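Enquirer: Work the whole structure out from these sequences, hints included.
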Amino acid sequence: MSGLRSFVARRLLLGAAQTVAVVLLVFALTEALPGDAAVALAGDQPDPARIAAIRETMHLDKPAYERLADWATGLLHGDLGTSLVSGRPVGRYIADGFGPTLLLATLTLALLVPLGFGLGVLAARHEGRLADRLISSVTLAVYAVPEFALGVLLVTVLALQLAWLPPTAVGYGTDLLGHPAALVLPVLVLLARPVCSLSRLVRAGMIDALASPYVAQARRYGISGPRVRYTHALPNALAPAVQQLARTVDWLLCGVIVVEALYVIPGLGTVLLNAVAERDVPVVQGLAVVFGVLTVVINLGADLVAHRLAPRAGVAA
Amino acid sequence: MDDSAEPLAEAPAEEPQSQTPVTEEPLVELRELRVEIDGRAIVDGVTLRVVPGKITALVGASGSGKTTTGLALLGEFPPGARVTGEVRRAADGLVGYVPQHPAAVLNPARRISALLTDIARAQVGHLPRAQRRAAARERVLRALAEAQLPDAEALLRRHPHQLSGGQQQRVVLAQALLLGARIIVADEPTTGQDALTKSRVVEQLAAVAARGIAVVLLSHDLDVVRALADEVIVMRAGRVVESGPAQRLWSAPRHPWTRELLAEQPQFTAQEGSAGQPVLQVRDLVARHRDPSARGSTEVLRTPRLDLHSGECLAVVGRSGSGKTTLARCLAGLHRDHDGEVLLDGVPLPRSLRGRSRAQLAAVQYVFQDARAAFDEHRPVLHQVARTAVRLRGTDPAAATREALATLSGLGLDEDLARRRPGRLSGGELQRAALARALLARPRVLVCDEITSGLDTVTRRGILDLLTTLLHDRDDDLSLVLITHDLDTAALAHHIAVLDAGELVEQGSAGQVLTAPRHPFTRSLLESTDRRRAGQASSAV
Numbered sequence: 000m001s002g003l004r005s006f007v008a009r010r011l012l013l014g015a016a017q018t019v020a021v022v023l024l025v026f027a028l029t030e031a032l033p034g035d036a037a038v039a040l041a042g043d044q045p046d047p048a049r050i051a052a053i054r055e056t057m058h059l060d061k062p063a064y065e066r067l068a069d070w071a072t073g074l075l076h077g078d079l080g081t082s083l084v085s086g087r088p089v090g091r092y093i094a095d096g097f098g099p100t101l102l103l104a105t106l107t108l109a110l111l112v113p114l115g116f117g118l119g120v121l122a123a124r125h126e127g128r129l130a131d132r133l134i135s136s137v138t139l140a141v142y143a144v145p146e147f148a149l150g151v152l153l154v155t156v157l158a159l160q161l162a163w164l165p166p167t168a169v170g171y172g173t174d175l176l177g178h179p180a181a182l183v184l185p186v187l188v189l190l191a192r193p194v195c196s197l198s199r200l201v202r203a204g205m206i207d208a209l210a211s212p213y214v215a216q217a218r219r220y221g222i223s224g225p226r227v228r229y230t231h232a233l234p235n236a237l238a239p240a241v242q243q244l245a246r247t248v249d250w251l252l253c254g255v256i257v258v259e260a261l262y263v264i265p266g267l268g269t270v271l272l273n274a275v276a277e278r279d280v281p282v283v284q285g286l287a288v289v290f291g292v293l294t295v296v297i298n299l300g301a302d303l304v305a306h307r308l309a310p311r312a313g314v315a316a
Numbered sequence: 000m001d002d003s004a005e006p007l008a009e010a011p012a013e014e015p016q017s018q019t020p021v022t023e024e025p026l027v028e029l030r031e032l033r034v035e036i037d038g039r040a041i042v043d044g045v046t047l048r049v050v051p052g053k054i055t056a057l058v059g060a061s062g063s064g065k066t067t068t069g070l071a072l073l074g075e076f077p078p079g080a081r082v083t084g085e086v087r088r089a090a091d092g093l094v095g096y097v098p099q100h101p102a103a104v105l106n107p108a109r110r111i112s113a114l115l116t117d118i119a120r121a122q123v124g125h126l127p128r129a130q131r132r133a134a135a136r137e138r139v140l141r142a143l144a145e146a147q148l149p150d151a152e153a154l155l156r157r158h159p160h161q162l163s164g165g166q167q168q169r170v171v172l173a174q175a176l177l178l179g180a181r182i183i184v185a186d187e188p189t190t191g192q193d194a195l196t197k198s199r200v201v202e203q204l205a206a207v208a209a210r211g212i213a214v215v216l217l218s219h220d221l222d223v224v225r226a227l228a229d230e231v232i233v234m235r236a237g238r239v240v241e242s243g244p245a246q247r248l249w250s251a252p253r254h255p256w257t258r259e260l261l262a263e264q265p266q267f268t269a270q271e272g273s274a275g276q277p278v279l280q281v282r283d284l285v286a287r288h289r290d291p292s293a294r295g296s297t298e299v300l301r302t303p304r305l306d307l308h309s310g311e312c313l314a315v316v317g318r319s320g321s322g323k324t325t326l327a328r329c330l331a332g333l334h335r336d337h338d339g340e341v342l343l344d345g346v347p348l349p350r351s352l353r354g355r356s357r358a359q360l361a362a363v364q365y366v367f368q369d370a371r372a373a374f375d376e377h378r379p380v381l382h383q384v385a386r387t388a389v390r391l392r393g394t395d396p397a398a399a400t401r402e403a404l405a406t407l408s409g410l411g412l413d414e415d416l417a418r419r420r421p422g423r424l425s426g427g428e429l430q431r432a433a434l435a436r437a438l439l440a441r442p443r444v445l446v447c448d449e450i451t452s453g454l455d456t457v458t459r460r461g462i463l464d465l466l467t468t469l470l471h472d473r474d475d476d477l478s479l480v481l482i483t484h485d486l487d488t489a490a491l492a493h494h495i496a497v498l499d500a501g502e503l504v505e506q507g508s509a510g511q512v513l514t515a516p517r518h519p520f521t522r523s524l525l526e527s528t529d530r531r532r533a534g535q536a537s538s539a540v
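Residue numbers (numbering that gives the first Met the number 0), protein chains in the order written: chain A, 0 to 316; chain B, 0 to 540.
By construction, these hints were calculated from the structure, which means they are not laboratory data.
Computed from a predicted model, the values in this text were never measured in an experiment.
Note that the Cβ used here is the ideal one computed from N, Cα and C, for glycine as well.
Hints may contain errors.
[Said to hold, decoys possible] Residues of chain A placed beyond 12 angstroms of chain B at every Cβ, according to the derived structure:
| # | residue |
| --- | --- |
| 1 | A16 |
| 2 | D69 |
| 3 | R132 |
| 4 | V137 |
| 5 | H178 |
| 6 | P212 |
| 7 | A217 |
| 8 | L303 |
| 9 | L308 |
| 10 | P310 |
[As the list claims (entries may be wrong)] FRET-style restraints, in silico, Cβ to Cβ:
| # | chain 1 | residue 1 | chain 2 | residue 2 | range |
| --- | --- | --- | --- | --- | --- |
| 11 | A | A15 | B | A206 | 40 to 48 angstroms |
| 12 | B | A40 | A | G127 | 22 to 30 angstroms |
| 13 | B | R357 | A | R128 | 51 to 59 angstroms |
| 14 | A | L303 | B | A205 | 43 to 51 angstroms |
| 15 | B | D375 | A | L110 | 25 to 33 angstroms |
| 16 | A | L11 | B | D395 | 54 to 62 angstroms |
| 17 | A | L129 | B | Q122 | 33 to 41 angstroms |
| 18 | A | Y142 | B | L126 | 46 to 54 angstroms |
| 19 | A | R128 | B | E298 | 52 to 60 angstroms |
[What the hints assert, rightly or not] Far from chain A, by Cβ distances over 10 angstroms, these chain B residues were calculated:
| # | residue |
| --- | --- |
| 20 | E75 |
| 21 | D91 |
| 22 | A103 |
| 23 | L105 |
| 24 | A108 |
| 25 | R109 |
| 26 | A113 |
| 27 | D117 |
| 28 | A129 |
| 29 | L140 |
| 30 | R247 |
| 31 | R386 |
| 32 | S452 |
| 33 | D475 |
Expert: Here it is, written out as structure tokens:
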């Protein structure tokens with residue numbers, strides 16, 4: 000057990016280092032972009048004197064390393080800094096954007112897990128037969144459609160032509176729960192590909208597990224079919240699926256930019272997109288920290304679950 | 000052979016004779032069972048009665064149809080098999096199965112308790128809901144105790160990989176006992192085990208039979224069969240060639256194949272004190288394994304001094320985990336993490352394979368225990384064998400192929416076999432091919448790591464005969480290091496080194512070590528081998 004504890008400690012340390020590296024990289028990249036927040040703010044009349052004035056009030060005239068150091072000291076006190084553009088604290092930006100993102104992620108996940116595992120187990124049970132061939136070919140086909148294409152297609156058919164659902168969440172603000180109809184399309188698009196990859200992984204794992212000698216032994220000794228499937232075979236199919244699930248959660252929380260932009264949902268992806276457009280470096284950096292920490296924590300969690308499910312593989316970091 | 004009809008005539012004549020003292024109904028009966036795959040019969044005309052409390056042994060070389068017959072008792076057949084004949088099972092004739100590799104039937108993702116609890120839960124359905132859990136647990140613990148597993152409470156919380164091979168085997172046995180099996184089919188329960196573990200398995204199976212459970216033993220380990228079996232059925236190529244009470248079969252085997260199977264083991268060339276030059280010398284070797292949990296390394300082997308003379312065979316014996324294989328790997332440059340030196344003709348060998356020159360690589364060759372894993376399954380055996388000469392001696396491919404063919408046929412593999420892929424060769428044939436591959440390097444030292452432990456008696460004897468001939472023919476050119484846990488195999492060597500828990504506890508000439516052991520560990524190894532022999536003698540009375 001101490002081996003596991005030291006593994007967690009090492010992984011957290013490594014994760015912190017990775018997050019720092021991400022923040023530095025993001026800072027460097029935003030610096031490398033042409034123009035800065037002052038240029039973006041100056042708008043259509045780029046008067047050099049005005050830009051210089053804005054630069055001075057924003058402290059953008061300071062050298063880059065000083066600005067980074069200022070921001071980093073703030074971070075150590077739990078202060079993510081303030082937005083260059085609006086002057087609001089970055090923490091508020093993230094808190095506001097996190098609500099819709101979390102809502103979308105939770106809904107997607109709540110549907111993804113039963114659907115992905117259910118389809119996977121179903122296909123494996125009927126390996127090579129009609130149900131399996133149907134599930135396998137449909138999941139492969141859906142997986143091949145990029146999310147923006149599927150999103151546009153669904154909007155065109157379900158919202159514009161049939162008018163069953165609102166095409167976007169424009170005008171609902173962050174109160175998306177009050178308008179569930181607006182959530183249907185984005186959740187569908189978010190679900191499409193993860194369901195396919197997850198069910199295919201579960202199917203492959205289940206087929207292996209169902210053909211294994213330990214499942215044969217359980218059947219031989221009179222254990223009932225469902226019990227063999229769900230308590231003896233499925234745990235062996237879970238380990239790879241859990242890793243895939245972690246990547247999906249990571250993606251849902253940190254990077255559904257395309258879907259949020261398409262359906263105009265004011266989540267973290269939209270915040271990030273706007274901040275980059277406005278060269279709002281503190282907001283971008285704040286998001287980088289949040290995304291970095293989330294990624295590290297989620298993957299560590301997945302590794303621990305996978306370790307519990309496949310204890311033989313051991314842990315590596 | 001045209002004597003295939005003989006057993007059919009013989010079996011009925013013999014069965015009443017062996018059945019007369021027992022009037023019990025058979026628990027399982029096979030009648031004229033024939034199992035065919037793709038038109039090829041794997042089991043042909045097997046008739047078998049399994050009676051409570053008796054141990055029936057099916058013996059025969061690998062591929063003789065033992066396992067298929069054993070699984071037929073469970074009502075299981077290989078996929079796509081065409082089955083004719085009859086399998087009749089008594090209504091309460093539950094059958095348990097202990098396979099050759101017990102780890103395979105233990106679920107790697109679940110704790111040991113998972114399947115045991117499920118089996119027990121099915122038996123406590125009549126109790127009120129509140130009592131079921133406790134009753135099931137009690138049954139599980141009792142079964143583990145019956146399978147001679149101490150400290151069952153702690154064991155139940157472990158995963159299969161946290162158990163030793165012996166514990167895994169006993170857990171699988173406990174599953175069968177918990178099920179209430181009246182018959183237990185044990186497939187090669189002692190293969191690859193050291194002498195001490197073997198005698199424990201023998202005691203265990205004898206205890207199971209003493210409880211009135213019928214045991215069907217599928218084995219090519221004749222020592223174990225002799226110590227345990229009441230009835231012996233000798234199989235060859237899917238047919239029963241001879242069957243009868245163990246005692247009769249041993250004292251008066253009727254079929255030539257049985258006689259061959261029971262024949263004594265060969266001796267290596269006379270144990271004259273061949274005082275050749277030392278070829279390989281080990282000096283102050285201390286090998287370590289990296290231990291991730293301790294964040295460091297643990298010493299697994301200490302060998303202050305060990306010499307291998309030219310033309311000599313040195314056996315390294317010890318229980319599993321004693322460091323035998325690590326020693327062999329140090330010699331061959333496969334284990335780098337060690338202090339001290341390995342000298343070839345007085346010149347230190349680099350520790351790593353990469354540091355060794357082609358000549359040095361060729362000089363020390365290694366033959367692995369698992370021949371199947373040591374071949375690339377996608378290329379014909381012949382190419383892989385010839386490759387050694389090309390790589391290590393710079394022979395041109397055509398000449399290498401000719402040489403490989405000659406060497407392979409010298410080892411009893413004809414060209415047709417040699418041109419096949421490894422998947423279509425048997426374990427024994429592949430082990431010969433592995434030997435040929437090593438020999439094509441023209442080695443000074445051949446390290447054989449348990450190369451006979453997975454093989455049946457006849458094949459094993461064939462391989463050992465080969466080694467004897469090689470040693471003899473190549474005169475002083477070739478020396479052997481034979482890694483083994485089997486004292487009978489070790490007895491063929493000139494010298495024996497005994498390892499226990501990484502320490503070289505004793506070394507000397509084979510005669511001296513086997514007849515006048517100085518170290519208590521060597522004595523205990525010898526005693527457990529003797530005990531098995533004695534067990535068979537007393538059971539025959």
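Enquirer: Run every hint past the structure and note whether it holds.
Expert: Hint check results:
no.	hint	verdict
1	A16	20 angstroms, holds
2	D69	39 angstroms, holds
3	R132	21 angstroms, holds
4	V137	29 angstroms, holds
5	H178	43 angstroms, holds
6	P212	4 angstroms, violated
7	A217	6 angstroms, violated
8	L303	15 angstroms, holds
9	L308	5 angstroms, violated
10	P310	5 angstroms, violated
11	A/A15 - B/A206: 40 to 48 angstroms	57 angstroms, violated
12	B/A40 - A/G127: 22 to 30 angstroms	28 angstroms, holds
13	B/R357 - A/R128: 51 to 59 angstroms	56 angstroms, holds
14	A/L303 - B/A205: 43 to 51 angstroms	45 angstroms, holds
15	B/D375 - A/L110: 25 to 33 angstroms	46 angstroms, violated
16	A/L11 - B/D395: 54 to 62 angstroms	58 angstroms, holds
17	A/L129 - B/Q122: 33 to 41 angstroms	38 angstroms, holds
18	A/Y142 - B/L126: 46 to 54 angstroms	50 angstroms, holds
19	A/R128 - B/E298: 52 to 60 angstroms	56 angstroms, holds
20	E75	7 angstroms, violated
21	D91	13 angstroms, holds
22	A103	4 angstroms, violated
23	L105	6 angstroms, violated
24	A108	4 angstroms, violated
25	R109	6 angstroms, violated
26	A113	7 angstroms, violated
27	D117	5 angstroms, violated
28	A129	21 angstroms, holds
29	L140	18 angstroms, holds
30	R247	34 angstroms, holds
31	R386	33 angstroms, holds
32	S452	22 angstroms, holds
33	D475	47 angstroms, holds
Checked against the numbered hints listed earlier, the structure breaks hints 6, 7, 9, 10, 11, 15, 20, 22, 23, 24, 25, 26, 27; every other hint is satisfied.
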